[in-house]
Structure formats: structure tokens, C-alpha cells
Amino acid sequence: MSLTMLRVTGSGLLLAGFLILPFVLGDYWIYTVTIGFYYAILAASWALLVGYVGRISFAQTAMAGLGGYVSALSVQYIGLPPVFGLLLGVMIAAAIGFAIGWLTLQLHGAYLGLTTIAFAEILRITATAEYNLTEGSRGLQVVPLLENGTRVEYYFLFLMITLACLALMTWLLQSRVGLFFQSIREDEDGAASLGVNVTLWKIMAFAISSAFAGLAGGLQAHFVQLITPSMMSLQEMGLVLAMAVVGGFHNVIFAALGGVGLQVLLEALRELGEWRLVVFGLLTLLILRAAPNGIFGIIFDALAKRLLTKGRDE
Amino acid sequence: MSMVAILEQALNGFIVSAFYALAALGLAIIFGVLRVVNFAHGELYMLGGYAYFLAVSALGMPPIFGILFATVALAAMGALVEWLLIRPVYDGRADRPEEYSIMITFALSILLLNLANSLFGPWPRRPEPLFRGGVELGELIVSGDRLAAAGVAVVLIALLLCGLRYTWAGRAVRAVSQNREAAAIFGVSVTQVGMLAFALGAALAGTAGALMGPVFNVVPAMGIIPVIKAYVIVVLGGLGSIPGAIIGALILGQVESFGTILIPDPSRALAYKDAYGLVLLVAILLLRPQGLLGTKERRA
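Sequence order for the protein chains is F and A.
Just so you know, the first sequence maps onto residues 0 to 313 in numbering that gives the first Met the number 0.
Just so you know, the second sequence maps onto residues 0 to 299 in numbering that gives the first Met the number 0.
Rather than coming from a laboratory, the hints here were simulated on the basis of the structure.
On a predicted model such as this, the values are computed, not experimentally measured, just so you know.
For every residue, glycine included, the Cβ atom is placed at its ideal position computed from N, Cα and C.
Hints are not guaranteed to be accurate.
Among the chain A residues that face chain F by a calculated CB cut under 8 Å, a handful are [claimed, not checked]:
| no. | residue |
| --- | --- |
| 1 | Phe105 |
| 2 | Ala106 |
| 3 | Leu280 |
| 4 | Leu285 |
| 5 | Leu286 |
Hey, can you work out the whole structure from these sequences and the hints?
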């Protein structure tokens with residue numbers, strides 16, 4: 000069995016699992032997993048930027064909030080159908096992501112982290128302060144994406160969109176662009192000297208990652224039918240970071256699985272109250288410190304190792 | 000505006016600057032020695048507030064010992080954090096040390112915030128302040144708890160600056176900030192100084208939290224706004240620059256103090272108040288990332 004076969008079997012099993020899930024689970028858990036798909040897209044988009052390009056950003060949930068607010072407001076005030084609202088949200092998020100990427104070209108590491116925190120907080124404060132438009136921290140009612148949509152319909156819609164996003168990201172990352180991204184992460188000057196348009200791809204990485212985040216945020220807003228500025232808070236960003244790190248942020252699929260997994264755990268451990276966030280925090284520190292490839296990274300590596308040694312014995 | 004009002008605002012700004020400086024100096028020392036921006040600094044500040052609360056309200060210590068307790072507890076905590084989490088940044092165990100340092104301190108801040116939320120609950124606590132009542136300075140009346148806390152902060156900053164200048168450990172800290180390799184060649188243990196710097200930075204944050212806790216309230220989220228101010232200050236002064244942090248704190252204190260009374264529409268101005276510092280932060284990072292007194296760095 001080769002590595003490709005391991006990947007194919009693994010993805011096939013997971014896909015089958017997610018397809019069967021809504022027929023086994025109750026309404027509440029279908030709802031929970033659907034929210035998990037929002038976090039999956041968000042965590043994967045963050046992993047795309049941080050894990051592959053090495054550009055840190057703490058503005059990912061702010062971009063999701065931006066996409067959500069743009070979509071909700073354009074539906075409410077201009078009367079766009081929700082689908083076009085979503086698309087507008089994606090485009091605005093991509094444009095703002097492009098602008099942030101362009102403005103922060105010269106910044107690295109902690110400086111970039113601080114700048115993106117500032118951008119995120121400015122967006123959140125604006126959404127809170129402009130209460131005439133956004134209803135402030137009380138939250139804005141949002142039109143549903145599907146009229147009279149059932150939980151199962153939403154589940155399959157979100158599943159399809161998540162799969163499409165992950166397929167798009169994987170395709171992008173396996174193309175030349177993915178190599179450009181990783182070369183920028185490893186050695187920016189070296190990549191530039193070999194002809195990679197470092198400036199362009201650094202900006203594009205921010206724009207692409209923000210576009211996915213904006214899509215996730217728009218979907219979430221039209222699904223939950225409520226959007227509040229707390230969606231853009233740094234605590235939410237911390238949760239998304241935990242999801243990507245626990246799943247494995249050097250691989251978009253692992254990060255997405257981390258998103259669904261942690262969201263489900265968050266609901267399953269409800270009895271623990273606030274302590275479950277403490278547990279997630281500890282888990283995140285432990286994984287960052289001891290196993291930076293994340294839980295799914297460890298599982299995949301272990302399986303691959305076993306399969307390869309077995310193959311050799313035979 | 001009358002002279003008294005102007006003086007009052009200036010004094011208020013100065014008092015606020017003293018607290019800001021205490022928190023920002025810790026960030027600057029940690030960044031100077033370890034090249035790590037401590038994203039968990041606000042939560043160390045918050046833990047200082049709770050350490051003071053526990054010592055004064057639960058154990059019944061006098062306030063001044065409460066502050067001392069917070070300082071010592073946070074120094075120990077800082078040393079522990081450095082030993083457990085920060086060390087891989089410079090001993091070659093982390094693949095991408097800078098990325099690791101950002102993510103680990105950010106994750107730590109989320110952990111500590113949730114831990115405080117679970118342990119102490121989200122309710123605000125108000126421990127006994129250092130000093131009660133008002134103080135009259137000529138025509139000005141200042142609340143005593145703020146003035147006393149600012150006084151302690153100024154004394155501590157002065158002590159810290161003397162310590163950095165005249166003691167061996169202080170010189171070692173400055174030497175490692177200036178040039179890691181050269182300091183190591185001259186027999187300074189870079190590892191020990193790294194631990195010392197993080198402990199010192201955490202102690203400063205904790206002391207600031209202990210001083211501010213009784214003035215405002217002790218709550219799990221109390222560190223979020225001050226730490227963002229501290230980022231603005233250290234970036235304004237130049238990351239890692241100690242005089243820069245003090246000048247930055249003085250500037251931000253005055254800007255905020257006068258900014259709030261000069262803006263005409265009060266309700267909106269208040270909603271956006273915390274955004275001004277952030278806009279300043281973004282502007283400095285984009286236009287002059289090295290800050291007022293920092294040195295320019297080129298990443299290879």
C-alpha cells in the first residue's frame with residue numbers, strides 16, 4: 000500500500016462517514032457539525048496562510064465577520080438575494096485581505112501579528128460602534144440562506160461547500176503556486192532570487208485566505224441567522240488557532256478536521272462548562288510544544304510508517 | 000479651558016502613563032533579550048491583579064505586601080513559562096522559532112484567560128486599595144488610590160532603571176539585548192539571562208496589574224485593553240528599547256487624556272476611544288516599524 004492509497008482510503012472513509020452522519024445523528028448534533036464546517040473552512044484558510052506561506056495573521060475571524068456583515072447588510076439594505084450577498088462578502092473580504100497583504104509586505108513575524116491584531120480589533124470596534132447600521136453588540140438578524148431549509152439540507156450544503164473549498168485549496172497548494180508559497184515560507188530572498196514573484200504571492204496569499212474566511216463567515220451568518228461583533232473577537236481567533244494547531248496547521252485538511260473535531264468536542268464536553276476551553280488551551284500548548292504536526296499529522300505519520308515498514312517486510 | 004483643567008488632565012495623563020510604562024517596560028525587556036513579543040502579557044497583568052486580590056482579600060495581608068506578593072508570584076510564573084514554553088525559541092528545538100514564539104504566547108494568553116474565568120469566575124472583584132480618600136495638590140484634587148499606585152509605579156521604574164544600569168544582572172540583560180553572541184563570549188549565560196528577563200517582564204506586568212486591580216476592577220478580561228496599549232507604546236518607542244517604552248507611555252498617556260476632552264461628539268468618541276491607539280499602532284508599523292528609538296532590523 001502506498002502513501003497515495005493511504006490518502007485516498009483515508010479521505011474516502013472520512014467522506015463516507017460525513018455522508019452517513021446525518022442519518023445516524025439527532026437534529027442537535029447535525030446542527031453542531033454544520034457549525035463545525037464553518038470552523039473547518041476558517042481553520043483551513045488560516046492554515047493556508049500560516050502553515051504554507053508562513054505569514055502570521057490574527058485577523059482571520061475578523062475577515063469572517065467582515066464577510067458575514069457585508070453579506071447580511073447587502074441583503075438587508077440593497078435587497079440582494081443571499082447567494083449574491085455571500086459572493087459580495089467574499090469579494091470584499093478578498094479585497095480587504097489584498098489591501099492588508101499589500102500594506103504589510105515589509106512586516107514579519109511579531110510585527111505582522113501585532114498589525115493584524117490591530118486591524119482585527121479596528122474592524123470589531125467599528126462593527127460595535129456603528130450600531131445604526133449593525134445593531135452593535137446586540138447582533139443583527141440575518142435572512143436565512145435556504146428558505147424553510149431543514150437541518151439536513153443545511154448540513155449537506157455546508158458539507159459540499161467545505162469539500163469544494165478544501166478541494167480548491169488542495170489543488171492550489173499542489174500547483175506551482177503552492178510551491179511558491181512554501182518557498183516564501185522557507186526563504187523569501189532565496190525564492191525571489193530564483194524568480195518567484197514574492198511580492199505578488201505574499202499579497203495573493205492574504206487575499207485568497209481572506210476570501211475563504213469571508214465565505215465561511217457569510218455562510219455562518221445566513222445559517223445561524225444572527226451576527227454579532229463577538230464573532231470577530233480575539234477569543235474566537237484563539238479558538239480557530241487552537242483548532243488549526245490541534246488538527247495540524249501544516250495541512251489544510253488536518254486543520255479542517257481539527258475545526259470540526261474541536262467544535263464537536265466543545266458541545267460534547269458542555270458539562271465541563273468553561274473548563275473545556277482550559278483543556279483546549281492546554282492541548283494547544285502541548286501540541287505546539289511537542290508535536291507541531293497536530294493530532295491528525297501524528298496519526299497520518301504513524302499509519303504511513305506502519306504501512307511502509309509492512310510493505311518492506313513482505 | 001482653564002489652567003486648572005489643563006493641569007488636571009496633564010496629571011491624570013501622567014498617572015496613567017506610570018501604569019502603562021510599568022506594563023510596557025516588561026514587554027520591552029522580554030523583546031530586547033529574547034526577541035519574543037509576549038502576546039500573553041495582558042494575562043500576566045491580569046494574574047497580578049488576582050494575586051493581589053487573593054493576598055489582600057482572602058489572606059488579609061496589608062496592601063503593600065499584596066503588591067509584593069503579586070510581584071514575586073508573577074516572577075516565579077514568568078520563570079516557569081520561560082523554562083517550559085519559551086526556551087525552544089532559541090535552543091534550536093523549534094523549526095520556525097519566530098512563528099512558534101508568536102503562536103505559543105498567543106495560545107498561552109487564551110489558556111490563562113479561560114483558566115481565570117473558570118477558577119475565579121467572570122465577576123469583577125474589588126480588593127482593598129493601597130490608599131483611600133482624595134489628595135489635594137494646590138487646587139487639584141486627585142483620588143488617593145490612583146496617586147499612591149502611580150507613586151509606587153514611579154519608584155519601581157526608577158529602581159528598575161538603576162538596577163539595569165548598575166547591577167551585574169542588569170548589565171547582562173542589556174548586553175544580551177545588544178548582542179547575544181558577544182554577551183555569550185564575555186561569559187554571560189544567555190539562557191539564565193533569558194529566564195531572568197522573562198521573570199522580570201512578568202513581574203512588572205503582575206505589579207502593574209496589582210496596582211491597577213483595586214483602582215479599576217479585577218476581572219479575567221482586565222488585561223486585554225492595557226496590553227494593547229502596551230503594544231502601542233513599545234511599538235511607538237521602538238520594540239525592545241527601554242527609554243522608548245517610557246517616552247511612548249508618556250506620549251500615549253497625554254494623548255488619551257487630552258484626546259477624550261477635545262473630541263466634540265462624546266458618545267461616538269467613547270465607542271471609538273480604544274481604536275485610536277490601534278490606528279496609531281498600524282500607522283507606526285507601516286511607516287516607521289523601528290519606532291522612535293528602536294534600531295532597524297533586516298530579516299535575512
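Inset, instruction - Would you settle whether the hint for Phe105/A is holds or violated, based on the nearest Cβ-Cβ distance to chain F being less than 8 Å? - result: 6 Å, holds
Legend entry - Status of the hint placing Leu286/A at chain F (closest C-beta pair under 8 Å): 10 Å, violated
Inset, instruction - Tell me if Leu280/A is really an interface residue toward chain F, meaning its C-beta lies closer than 8 Å to one of theirs. - result: 5 Å, holds
Inset, instruction - Mind checking the CB of Leu285/A against every CB in chain F and telling me if the closest is under 8 Å? - result: 6 Å, holds
Inset, instruction - Let me know if the C-beta of Ala106/A comes in closer than 8 Å to any C-beta of chain F, holds or violated. - result: Cβ of Ala106/A sits 4 Å from chain F, so the hint holds.
The structure shown violates just one earlier hint, number 5.
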